[in-house]
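Peer 1: The listed protein sequences derive, respectively, from chains A and B.
Just so it is clear: in the first sequence, position 181 is 180 by numbering that gives the first Met the number 0, and no numbers are missing.
Just so it is clear: in the second sequence, position 85 is 84 by numbering that gives the first Met the number 0, and no numbers are missing.
If you are wondering where the hints come from, they were derived from the structure by calculation, not from laboratory data.
Note that the structure is predicted; figures quoted are calculated from it, not measured.
Backbone N, C-alpha and C fix where the C-beta goes; we use that ideal spot for every residue, glycine too.
Please note: incorrect hints may appear among the correct ones.
[Claimed, not checked] Reference excerpt, derived from the structure (chain A facing chain B, CB under 8 Å, subset only):
#	residue
1	L118
2	C129
3	N141
4	L147
5	P182
6	P285
7	G292
8	A309
9	L511
10	I515
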Amino acid sequence: MTDSRNTKLRQLLVLLAVGAAATVVAVAGTGALGFSALDAVVAFAVAGGAVASLPYGRRWVLSPTPIVQTSSPAVARTKKILVLAMAAGAVAWVGGRGTFAVFTADTANPGSSMSSGTLVLNDKVGATSCWSYGGATNDNVNTGCSSLLSPSNMAPGAAGAQTSLTIQNGGSLDASTFTLMAPWPRATLATALTAGVAPTQLSLTSGLTVAMASGDQVTVSYAGRSQTFTVGAAGAAIGATVVPLTAAPPANYAYPVNSRIEDLSGDATASNTDCYDVATTNATVPVAGATPGNALPFVSTGGNPLCSAALLWVQEQTNGVNYCWVGRGSTGSPAPSARGMCRTPTTAALSGAGVTAGTPTTTLNVAALAGNIVAGDTLTITQGAHQDTITTNAAMGNAYINDTTVAINSWTPSFSYTSAAVIKDTTAFAALDGDTTDTISSFDTLRKPSSPVTLYPLTSNTTAPDSTATVSLGKTGSSGNAGYQRTFYIGVYLPATSSQNQLQGLISTFGLNWHIQQ
Amino acid sequence: MKLALLAVMAVGGVCSFAVPGVYAVFSAETRNLPSKAGSGTLTMDLVVGGGSPCYSYNGPASPGNVNTSCDALATYTPSAELYPGEPKTVTVTVRNDGSLPGSDLLLYMPGGCSPVSTGDAPAPGTGNPCTAGGMQLYVEETTPGGPKCWFPAAAGACSFTSDLATFAAKTTLATALDLGAGPAAQQTRTFTIGLQIPSTADNTYQGRGASFTLDWHLNS
Numbered sequence: 000m001t002d003s004r005n006t007k008l009r010q011l012l013v014l015l016a017v018g019a020a021a022t023v024v025a026v027a028g029t030g031a032l033g034f035s036a037l038d039a040v041v042a043f044a045v046a047g048g049a050v051a052s053l054p055y056g057r058r059w060v061l062s063p064t065p066i067v068q069t070s071s072p073a074v075a076r077t078k079k080i081l082v083l084a085m086a087a088g089a090v091a092w093v094g095g096r097g098t099f100a101v102f103t104a105d106t107a108n109p110g111s112s113m114s115s116g117t118l119v120l121n122d123k124v125g126a127t128s129c130w131s132y133g134g135a136t137n138d139n140v141n142t143g144c145s146s147l148l149s150p151s152n153m154a155p156g157a158a159g160a161q162t163s164l165t166i167q168n169g170g171s172l173d174a175s176t177f178t179l180m181a182p183w184p185r186a187t188l189a190t191a192l193t194a195g196v197a198p199t200q201l202s203l204t205s206g207l208t209v210a211m212a213s214g215d216q217v218t219v220s221y222a223g224r225s226q227t228f229t230v231g232a233a234g235a236a237i238g239a240t241v242v243p244l245t246a247a248p249p250a251n252y253a254y255p256v257n258s259r260i261e262d263l264s265g266d267a268t269a270s271n272t273d274c275y276d277v278a279t280t281n282a283t284v285p286v287a288g289a290t291p292g293n294a295l296p297f298v299s300t301g302g303n304p305l306c307s308a309a310l311l312w313v314q315e316q317t318n319g320v321n322y323c324w325v326g327r328g329s330t331g332s333p334a335p336s337a338r339g340m341c342r343t344p345t346t347a348a349l350s351g352a353g354v355t356a357g358t359p360t361t362t363l364n365v366a367a368l369a370g371n372i373v374a375g376d377t378l379t380i381t382q383g384a385h386q387d388t389i390t391t392n393a394a395m396g397n398a399y400i401n402d403t404t405v406a407i408n409s410w411t412p413s414f415s416y417t418s419a420a421v422i423k424d425t426t427a428f429a430a431l432d433g434d435t436t437d438t439i440s441s442f443d444t445l446r447k448p449s450s451p452v453t454l455y456p457l458t459s460n461t462t463a464p465d466s467t468a469t470v471s472l473g474k475t476g477s478s479g480n481a482g483y484q485r486t487f488y489i490g491v492y493l494p495a496t497s498s499q500n501q502l503q504g505l506i507s508t509f510g511l512n513w514h515i516q517q
Numbered sequence: 000m001k002l003a004l005l006a007v008m009a010v011g012g013v014c015s016f017a018v019p020g021v022y023a024v025f026s027a028e029t030r031n032l033p034s035k036a037g038s039g040t041l042t043m044d045l046v047v048g049g050g051s052p053c054y055s056y057n058g059p060a061s062p063g064n065v066n067t068s069c070d071a072l073a074t075y076t077p078s079a080e081l082y083p084g085e086p087k088t089v090t091v092t093v094r095n096d097g098s099l100p101g102s103d104l105l106l107y108m109p110g111g112c113s114p115v116s117t118g119d120a121p122a123p124g125t126g127n128p129c130t131a132g133g134m135q136l137y138v139e140e141t142t143p144g145g146p147k148c149w150f151p152a153a154a155g156a157c158s159f160t161s162d163l164a165t166f167a168a169k170t171t172l173a174t175a176l177d178l179g180a181g182p183a184a185q186q187t188r189t190f191t192i193g194l195q196i197p198s199t200a201d202n203t204y205q206g207r208g209a210s211f212t213l214d215w216h217l218n219s
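Model the full structure from these sequences, guided by the hints.
Peer 2: What follows is the structure, given as structure tokens:
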């Protein structure tokens with residue numbers, strides 16, 4: 000009997016110790032003792048284990064006793080003690096914080112708060128701002144910013160078209176990464192998808208501009224949600240408004256009308272780039288009554304020939320520093336520029352009163368240049384039947400977009416040329432007319448989203464951009480070459496080669512995609 | 000107890016796999032609406048006399064924007080056959096049907112000139128109208144601003160002072176007669192081609208003719 004009592008007492012003490020430990024650990028887990036969340040998890044697990052062990056412990060306490068006297072006062076007292084211990088533990092676990100100290104000290108830091116910054120992009124063409132958050136797809140992506148260029152009656156070898164674009168970070172956070180890439184073929188959803196229901200097709204709000212082949216992967220996205228489907232065996236031709244799907248899973252979201260549809264298999268070859276050609280019609284010819292492209296039997300849009308012939312350049316000019324990111328003169332082009340300038344089909348006009356016949360000069364004063372002139376280039380100046388040839392100063396003759404002077408070797412005009420004279424950089428035209436590499440199609444296939452142009456901050460005209468910079472487009476209000484805004488000049492040119500009749504009467508449609516990331 | 004442990008382990012497993020997904024960053028993106036770059040067209044048509052337009056892009060020689068089947072200036076019909084000193088003039092209207100201006104109009108004679116017999120003369124002569132002193136030719140523009148003689152080059156209206164043989168040497172674009180700029184888009188230029196057997200021609204030119212092609216070439 001004494002042994003039995005001792006055994007029960009020992010077991011009771013062990014059980015009380017386990018209960019107390021569970022209680023302390025539970026209190027610690029609440030954070031009252033300043034432990035970490037991980038500690039709390041551990042405490043929770045241990046406490047849970049301890050609590051879970053109570054029935055076993057109870058059986059352990061009770062099982063060795065051959066005589067079960069449920070009605071004895073000792074057992075009843077034990078039960079009450081156990082229940083009280085469990086209740087104390089539970090109270091401590093739930094609401095017992097701060098009740099286990101005698102001496103206390105406390106400080107409080109009320110009113111703390113945290114907030115997230117913003118990262119938004121402004122695509123500014125002229126005076127028109129276009130914010131990334133203004134897009135219909137509600138995901139800080141705006142695909143509706145102003146069109147950049149629209150030359151409509153281009154002839155081979157004639158001056159191209161150029162425009163400027165300013166990209167601004169309008170947010171409160173710096174963008175560490177700033178990239179430029181070709182858009183990829185896309186459309187928008189005309190009929191909403193039902194969550195949980197597998198679609199058999201995607202209805203589009205307008206006809207496809209790029210065919211989707213069987214097996215192509217298309218992504219439907221809206222407000223940060225997305226899902227990828229596989230194009231069905233029939234594929235979808237240019238102009239199609241329905242894309243058949245195969246083995247489509249149930250929609251993971253109720254994608255609404257105007258959700259974005261993108262062909263992730265696009266921009267692989269010149270035939271499926273974002274840039275695509277159509278032939279002009281009587282309704283779209285640039286000169287009323289002119290022969291449209293669709294009347295010419297030798298013109299075909301197959302393979303997007305104009306996209307594959309027209310040259311594209313993107314040159315940055317921020318705070319007076321230039322760099323050719325895309326086009327002839329960019330890294331990877333046949334003739335990378337050490338001066339930071341793209342090759343452009345530059346023509347210019349004299350400013351002011353022009354030049355006087357017989358008076359030597361070493362500087363051409365010109366209206367703000369719409370292109371670059373490389374030191375050493377040969378220029379012609381023509382007015383009516385008069386024409387002179389001029390060479391730029393090989394050491395000082397670099398002239399960039401917007402410059403108003405060009406350093407030349409001493410030239411004595413044979414005629415008093417006025418502002419009506421046309422100055423042409425024949426070296427630049429010759430270089431571009433032989434260029435079959437820096438085309439819009441090449442940009443699309445080389446600079447798709449998986450391999451964008453990373454727009455590091457500029458340093459100087461003659462050095463590479465800073466690829467180690469941690470900020471590429473600073474938060475709003477910041478300054479410098481990685482400040483909150485950077486300006487780019489985008490241009491196109493149709494080079495003159497021997498036979499280009501197959502390029503008559505075509506319209507190439509293309510875009511640029513700008514992306515920043517925290 | 001085993002279930003509890005398994006549950007804890009499962010939670011740990013889920014955490015270890017889920018953690019990489021929480022490091023997303025803010026991003027912003029804009030895309031410019033599609034830009035459009037359109038090429039113009041440069042097409043032309045010829046109207047010979049009162050005939051129908053002959054479009055450069057609509058002939059059997061297409062797809063090169065070259066039509067080699069436009070109307071002849073003259074044919075070997077008895078009514079069209081010439082006496083010595085009798086001029087034959089044909090009006091040719093060149094129209095630019097495209098949207099681009101023509102920077103340069105050229106005229107040349109690919110293949111030169113070949114003498115032929117008319118076929119309706121019982122005893123044709125042996126004279127060669129394609130040689131010097133043979134058939135005479137001029138090219139005169141009548142619009143705009145009055146006549147301008149392009150071949151042989153002279154101010155004002157043309158006269159028969161040069162021969163077909165001289166022009167027949169212009170067999171390529173490189174040696175072509177340069178008719179200057181234009182026509183502009185949707186505009187026309189009108190020319191008169193004059194042909195004549197010299198009034199001094201002898202009987203060796205009876206029943207003889209000249210076969211040649213005139214090629215009108217317009218550059219943008």
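Peer 1: Minimum Cβ distance from A/L511 to chain B below 8 Å?
Peer 2: Holds. Min distance 5 Å.
Peer 1: Would you check whether A/C129 satisfies its interface hint, that is, whether its CB is within less than 8 Å of any CB in chain B?
Peer 2: Where the cut-off is 8 Å and the nearest Cβ of chain B is about 6 Å from A/C129, the hint holds.
Peer 1: For the hint on A/A309, just tell me whether its beta-carbon gets within less than 8 Å of chain B.
Peer 2: Status holds, d = 6 Å.
Peer 1: Against chain B, with CB atoms and a cut of 8 Å, does the hint on A/I515 hold up?
Peer 2: holds (5 Å)
Peer 1: Is the interface hint for A/P182 satisfied, with its Cβ closer than 8 Å to some Cβ of chain B?
Peer 2: holds (6 Å)
Peer 1: Please check whether A/L147 passes as an interface residue: C-beta within 8 Å of a C-beta belonging to chain B.
Peer 2: Since the shortest Cβ distance to chain B is 5 Å, the answer is holds.
Peer 1: Classify the hint on A/N141 as holds or violated, based on whether any CB of chain B lies nearer than 8 Å to its CB.
Peer 2: holds (5 Å)
Peer 1: Interface hint check: A/L118, Cβ to nearest Cβ on chain B, cutoff 8 Å. Holds or violated?
Peer 2: holds (4 Å)
Peer 1: Given a cut of 8 Å on the nearest C-beta pair, is the interface hint for A/P285 held or broken against chain B?
Peer 2: Given a least distance of 5 Å, the restraint on A/P285 holds.
Peer 1: Taking 8 Å as the limit, does the beta-carbon of A/G292 come near enough to a beta-carbon in chain B?
Peer 2: holds (6 Å)
The structure is consistent with each of the numbered hints, conforming to all of them.
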